[in-house]
Amino acid sequence: MKKLSSIAGLLLALATSSPGAAELLNASFDVARPFYKSYNTAFAAEWKRRSGSEPTLNVSHGGSSKQARAVIDGLEADVVTMNSPLDIDAIAASGLLAKDWQTRLPQASSPSWSTILFIVRKGNPKGIRDWSDLVKPGVKLVIPNPKTSGNGRYSYLAAWQYAKTRPGGNDDAAKAFVSKLFANVPVLDTGGRGATTTFAQRGVGDVLLTFENEIALIREEFAKDGFEVVVPSLTVRADNPVAVVDKVAAKHGSTELARAYLEYHYSPEAQALFAANGVRPADDKVLKANAARFPAVNVFTVEQGFGSWAQAQSVHFSDGGLFDQLFAKK
Amino acid sequence: MPGLTPTLGFTLFYLGMIVLIPLAGVFFKASGLGFAGLWKVITSERVLAALSLSFGAAAIAAVLNAIFGAIVAWVFVRYEFPGKRLFDAFIDLPFALPTAVAGIALTALYSENGWIGSVLAHAGIKVAYTPLGIIVAMTFIGLPFVVRTVEPVLREVERDLEEAAATLGARRWQTVLRVIAPAVFPSLVTGFALSFARAVGEYGSVIFIAGNFPMVSEIAPLLIIIKLEEFDYKGATAVAATMLVLSFLLLLTINLLQAWVRRRV
Chain Y
135 MKKLSSIAGL LLALATSSPG AAELLNASFD VARPFYKSYN TAFAAEWKRR
185 SGSEPTLNVS HGGSSKQARA VIDGLEADVV TMNSPLDIDA IAASGLLAKD
235 WQTRLPQASS PSWSTILFIV RKGNPKGIRD WSDLVKPGVK LVIPNPKTSG
285 NGRYSYLAAW QYAKTRPGGN DDAAKAFVSK LFANVPVLDT GGRGATTTFA
335 QRGVGDVLLT FENEIALIRE EFAKDGFEVV VPSLTVRADN PVAVVDKVAA
385 KHGSTELARA YLEYHYSPEA QALFAANGVR PADDKVLKAN AARFPAVNVF
435 TVEQGFGSWA QAQSVHFSDG GLFDQLFAKK
Chain U
703 MPGLTPTLGF TLFYLGMIVL IPLAGVFFKA SGLGFAGLWK VITSERVLAA
753 LSLSFGAAAI AAVLNAIFGA IVAWVFVRYE FPGKRLFDAF IDLPFALPTA
803 VAGIALTALY SENGWIGSVL AHAGIKVAYT PLGIIVAMTF IGLPFVVRTV
853 EPVLREVERD LEEAAATLGA RRWQTVLRVI APAVFPSLVT GFALSFARAV
903 GEYGSVIFIA GNFPMVSEIA PLLIIIKLEE FDYKGATAVA ATMLVLSFLL
953 LLTINLLQAW VRRRV
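Chains Y and U, in that order, are what the protein sequence lines are.
Be aware that the first sequence starts at 135, since it is given in the numbering used here, and climbs by one per residue.
Be aware that the second sequence starts at 703, since it is given in the numbering used here, and climbs by one per residue.
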């Protein structure tokens, strides 16, 4: 029996590769794919300069929460790079990493961020300038489902905060506002990319609410359609947080590599790479240097507007929460 | 009976590994809610709406498929026409096509700027992003089940019997009703059941065309995904378990009905 288990152990060791070879798996979200392609090349060169050997860097992409679930269910990712702190909190809740992960790296462990903007059809025929224009009768807007997508969640929260902080605004006014807003939504796609297809290819709606980097991609991909960007008077800061999955990294002996991999996100080279990929770098100097690409926005964070992500989640997006109430039978 | 023990053993083992153990996992996880918790999840307004939409739309789609699939099978068996083999191969495409591709293609066709959708829009009919779109997608993916179950049986129905019926003075409708229909009916029921079962669980093609509005066009499998997104594993398995039980009961009823019909024929 002992012999058998030692053979099994050997096989396992062979299968998972020896601790000496520097290898790392990054579980990331869908839209980060082009960024990590260039980032991994840059970091591999940097790590080789430091340690003398080339690391193997693997990335798995998928919907952010889907990736978080995969890690919780046993995907052995050494690091996670997500588009919402909520997803890393969920991994922390399962005990795979420390609950105070946000304090470990600068800017609440978020080396980059994006924001929700509007994209409208050529010439902006409905004259959409701000959130208040979205609730007008006859305006149709496309927002992905807040229950299944980060874009949708941020859009909803930004609309809420706009209505709440308007002169004379409060929670009740905000509730009425988002209720009117979602009454103008003809389709709730499950993901951000689905919403893009609905708006750009199916021709549904006058305006699409999505992440700035997705908007940049749409304008490039559908250049002939002449879509235009609208920057509302207030919007939300959507941090893209990163964290080492402590238990997995310790098991793989990759903690040092994993930490260096995340820290390098804050280097000037990586910050410039973020900007080149349409994501706002956390470093304000780099952001200002790319001002042509990133218009000035008046942003709030989810923590400022809603206390914490956990609170926003439980009040608005949990089962039977405020978002569900919008659709309950009156 | 010789060989019964190994064959029965193999069947049970195989069924257990492939079907029963994974499904038992669903019930095990859902049982973590307790009976009261489970009941609360599945009787919530939204879950009930999603379940009735999924099962209702699947039933309509299966009925459509049973009617038109039978006609298609009839045409394939009884008539020769140019390109028959090619059309025959087309029938199986919904089996092979990745469901997301089907969903995107159907949405492109039926949305208001699509080929079919723009024509229907003039008549004031909206298909994409309404429950009607869900039925369209479910009909698309379910068609081959009916055609492929009815076709071989229809081929076996001997022309001699029909001719005999005719010489004995039966009118054409009597022959169809009394001779052909009883022979084909059990296979039609099987096709209906398969098409229905597939449509109930369909996710990939439906979410693109459905619109996904809570209480209106939100199918039960999407609700499962939504619960998973909330990291609510128990709630998700509760809905899944409910769908399993309902599907099982319906399929069992259909099977019993079929056996009863066979005995009468």
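These aren't lab readings, by the way, just hints derived from the structure by calculation.
Since this is a predicted model, take the numbers as computed values, not measurements.
Take these hints with a grain of salt, some might be off.
What the hints assert, rightly or not - The calculated DSS-like cross-link candidates involving lysine-lysine, where the alpha carbons are at most 27 Å apart (straight line), are:
1) 200/Y / 936/U
2) 731/U / 381/Y
3) 200/Y / 731/U
4) 309/Y / 742/U
5) 828/U / 314/Y
6) 256/Y / 828/U
7) 200/Y / 742/U
8) 274/Y / 233/Y
9) 828/U / 270/Y
10) 742/U / 274/Y
11) 381/Y / 828/U
12) 260/Y / 936/U
What the hints assert, rightly or not - Example chain U residues on the side facing chain Y (calculated, C-beta under 10 Å, incomplete):
13) 745
14) 748
15) 809
16) 818
17) 830
18) 910
19) 914
20) 937
Even for Gly, the Cβ is constructed at its ideal location relative to N, Cα and C.
Each hint tested on the structure:
1. 200/Y / 936/U: This hinted pair holds, its Cα atoms lying about 16 Å apart.
2. 731/U / 381/Y: holds, 25 Å
3. 200/Y / 731/U: holds, 19 Å
4. 309/Y / 742/U: holds, 26 Å
5. 828/U / 314/Y: Measuring from Cα to Cα gives roughly 22 Å; hence the hint holds.
6. 256/Y / 828/U: holds, 25 Å
7. 200/Y / 742/U: Cα-Cα ~26 Å, so holds.
8. 274/Y / 233/Y: Roughly 41 Å separates the two Cα atoms, so the pair is violated.
9. 828/U / 270/Y: holds, 23 Å
10. 742/U / 274/Y: The given pair, whose Cα atoms are some 35 Å apart, is violated under the 27 Å limit.
11. 381/Y / 828/U: violated, 52 Å
12. 260/Y / 936/U: Given that 27 Å is the threshold and the Cα spacing comes to 44 Å, the pair is violated.
13. 745: With a closest approach of 13 Å, the residue 745/U hint is violated.
14. 748: Result: holds, 7 Å to nearest chain Y Cβ.
15. 809: Because about 7 Å separates residue 809/U from the closest Cβ in chain Y, which is inside the 10 Å limit, the hint holds.
16. 818: violated, 13 Å
17. 830: holds, 7 Å
18. 910: It holds, given that the least Cβ distance between residue 910/U and chain Y is near 7 Å, below 10 Å.
19. 914: holds, 4 Å
20. 937: Hint on residue 937/U: holds, closest Cβ of chain Y at ~6 Å, below 10 Å.
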